[in-house]
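*Asks:* The listed protein sequences derive, respectively, from chains A and B. Letter by letter, the first sequence follows residues 1 to 328 in UniProt numbering. Letter by letter, the second sequence follows residues 1 to 285 in UniProt numbering.
Calculated from the structure, these hints are not laboratory results. As the structure is a prediction and not an experimental result, all values here were calculated from the model. Among the hints, a few may not be true.
EDC-like mimics (lysine to aspartate or glutamate), calculated; alpha carbons at most 20 Å apart, straight line [what the hints assert, rightly or not]: (1) K280/A - E254/B; (2) K280/A - E262/B; (3) K291/A - E165/A; (4) K65/B - E126/A; (5) K78/A - D84/B; (6) K280/A - D159/B; (7) K65/B - D294/A.
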Amino acid sequence: MAASMRLLLRRVIRLSHRYNNVTAAGVSARSGCCWGPSTCRCFSDVAGDRSTHFGFETVPETEKAKRVYKVFENVAQKYDTMNDVMSLGIHRLWKDMLLHAMHPQPGARLLDVAGGTGDISFRFLEYVRSQQERQKWRTARSMQTPSSQDISNNYSAEDEDTPQESRAVVCDINKEMLNVGRKRADSMGISAGLSWVVGNAEELPFDDDQFDIYTIAFGIRNVTHIDQALQEALRVLKPGGRFMCLEFSKVTNPVLARIYDAYSFQMIPVLGEVIAGDWKSYQYLVESIRKFPDQEEFKHMIEDAGFYCVKYNNLTSGVVALHSGFKL
Amino acid sequence: MRISVHISTMWLYAGRLFQWLNQRQYVLISKAVCAHQVHSSSTGFTDSCYNGLYPGHIHTTPIQKAVLAVGSGVAALHDPHRHDMVAVLGEATGHLALINLRDKMRNDPEGYTILKERPRIRLSTLDLSDMASLPDGSFGREYLRFLEDNDVTPDSRADVRFVDDEELAYVMQRYREVHDLLHTLLGMPTNMLGEVAVKWFEAAQTGLPMCALGAVLGPLRLSTSRLKLLFTSLGPWALRNGHRARCVLSIFYERRWAQSIEDLRQELNIEPPPVIVRATKKRNT
Chain A
1 MAASMRLLLR RVIRLSHRYN NVTAAGVSAR SGCCWGPSTC RCFSDVAGDR STHFGFETVP
61 ETEKAKRVYK VFENVAQKYD TMNDVMSLGI HRLWKDMLLH AMHPQPGARL LDVAGGTGDI
121 SFRFLEYVRS QQERQKWRTA RSMQTPSSQD ISNNYSAEDE DTPQESRAVV CDINKEMLNV
181 GRKRADSMGI SAGLSWVVGN AEELPFDDDQ FDIYTIAFGI RNVTHIDQAL QEALRVLKPG
241 GRFMCLEFSK VTNPVLARIY DAYSFQMIPV LGEVIAGDWK SYQYLVESIR KFPDQEEFKH
301 MIEDAGFYCV KYNNLTSGVV ALHSGFKL
Chain B
1 MRISVHISTM WLYAGRLFQW LNQRQYVLIS KAVCAHQVHS SSTGFTDSCY NGLYPGHIHT
61 TPIQKAVLAV GSGVAALHDP HRHDMVAVLG EATGHLALIN LRDKMRNDPE GYTILKERPR
121 IRLSTLDLSD MASLPDGSFG REYLRFLEDN DVTPDSRADV RFVDDEELAY VMQRYREVHD
181 LLHTLLGMPT NMLGEVAVKW FEAAQTGLPM CALGAVLGPL RLSTSRLKLL FTSLGPWALR
241 NGHRARCVLS IFYERRWAQS IEDLRQELNI EPPPVIVRAT KKRNT
């Protein structure tokens, strides 16, 4: 019986390899064909104009940023609805897990890159606020029977402002996404400690050593030069600061991988068409996930950029990976 | 012992399921590659290279078409302003009706010419100043008047994307572009009542499920007086004419701008409308 199990297992693995080869062939054929117009453009441009991937398509590097901008400009209004529908609400759990791993303390300064509609920043401020409340409750409990000295100390302390003001900066290259995020913040009544900045992850508009925590959630695969984004992250973090990245990655379980692929390529563009009226953008989204390096490779990229103690956790069997590193 | 037998049969079925899924994916991807390779050899397209049988074509499996049909139907009902969803519903459900229409066109000499020459009705192809100089009562002049009164443009039609045959996609596109001309021929404005009347006519003429759905659900949004008008005179007239009229897609409208509209109606076997429905000043009623 064990022998037959092993045989079946080997069969499964062989099938999955064959599938990977087929997709690779499919990818190269499609991207090869699309060389036509882009190579013509290449010859007319400055020599040394490189190309990169845009989903399964090959485009000049200069064009990728523009096309990504268009994608997010089109989907911005329905972005949050689509996230809920596509991930069946699980993206909220992933973001909660990011915050839990982050465990920010009151007074922390967060830079939320590709923050778009503000999910991470809102959670950050909420978390820090609840931490502060818990601290206050703890100090209140320990001072159930205060001495007169304590009471007079309290009066003088109340005059000062809370010394630890947490701040979250949402930085995104796309103005539409930031607009949607700002409207959400207004409707939720969150304004203290939150700022919205237009900026490119490859060239951040901030000085060195500014932030305690740098996060980029589901944004780094859209950046044209990932290594530049990582170097910028290193630059703007304070020494001891933490880099955290949530991103779609390679699914480890072969059964789930097959189901995930079928769902991604068959259902997600259809949902994109029905809900957001945009098939192509969601086709790009699922293709860009496949082009992003896997967990180990991305970990090496982060280490190469100069981060230490780089680790990653797989969430939902590798559908999403949470990478973390420190600037020391 | 029995448990182990059950488990191994379970694995066997699981293995067969993976194989089936794998084959589906393989077929889907290889189809896309083949179509792509076929078209990469042909040059001279003004658009950049596209995947599929025609510019804008997106391959869809039967499951995807089913989900698109249901999803777009729900979305269109939920938000009537989503005309793109109505278009998608038409494409996902109209395969048989399109084949029927295409065959009707092939059997008609003028329709056959249209299928060969593939004319498109767009602002860029229409000579508006020329049409404005035509006498009143001519088809071209009335069409221009219709565009002005109802504040519409022939360029607002979405491109066909989900029809998996190049000729049928053109038939669908032609149907969309002829819709405004039908409004002119039937004398119906673009308010809700006019649209429903035209939908009834189209449902009887083309048999497209999307038209039938629109014909059934459209009246739900009408006021009682208009509903009465629809069911007593406009509706029966539209259905009757839809059945007896010649195939409206088989007419080369672009060559008949100077023809009198009454003449054209007679040729198509369409009675003039029993009631004059006025266009309202506001677009959304």
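*Asks:* Are the hints correct? Go through all of them and say.
*Replies:* Hint check:
1. K280/A - E254/B: Between K280/A and E254/B the Cα gap is close to 33 Å, so the pair fails against 20 Å, i.e. violated.
2. K280/A - E262/B: The given pair, whose Cα atoms are some 45 Å apart, is violated under the 20 Å limit.
3. K291/A - E165/A: Between K291/A and E165/A the Cα gap is close to 40 Å, so the pair fails against 20 Å, i.e. violated.
4. K65/B - E126/A: Violated: K65/B and E126/A sit about 42 Å apart, past 20 Å.
5. K78/A - D84/B: 16 Å, holds
6. K280/A - D159/B: Distance of about 14 Å is within 20 Å: holds.
7. K65/B - D294/A: Violated: K65/B and D294/A sit about 32 Å apart, past 20 Å.
In the structure shown, a violation is registered for the earlier hints numbered 1, 2, 3, 4, 7, in ascending order.
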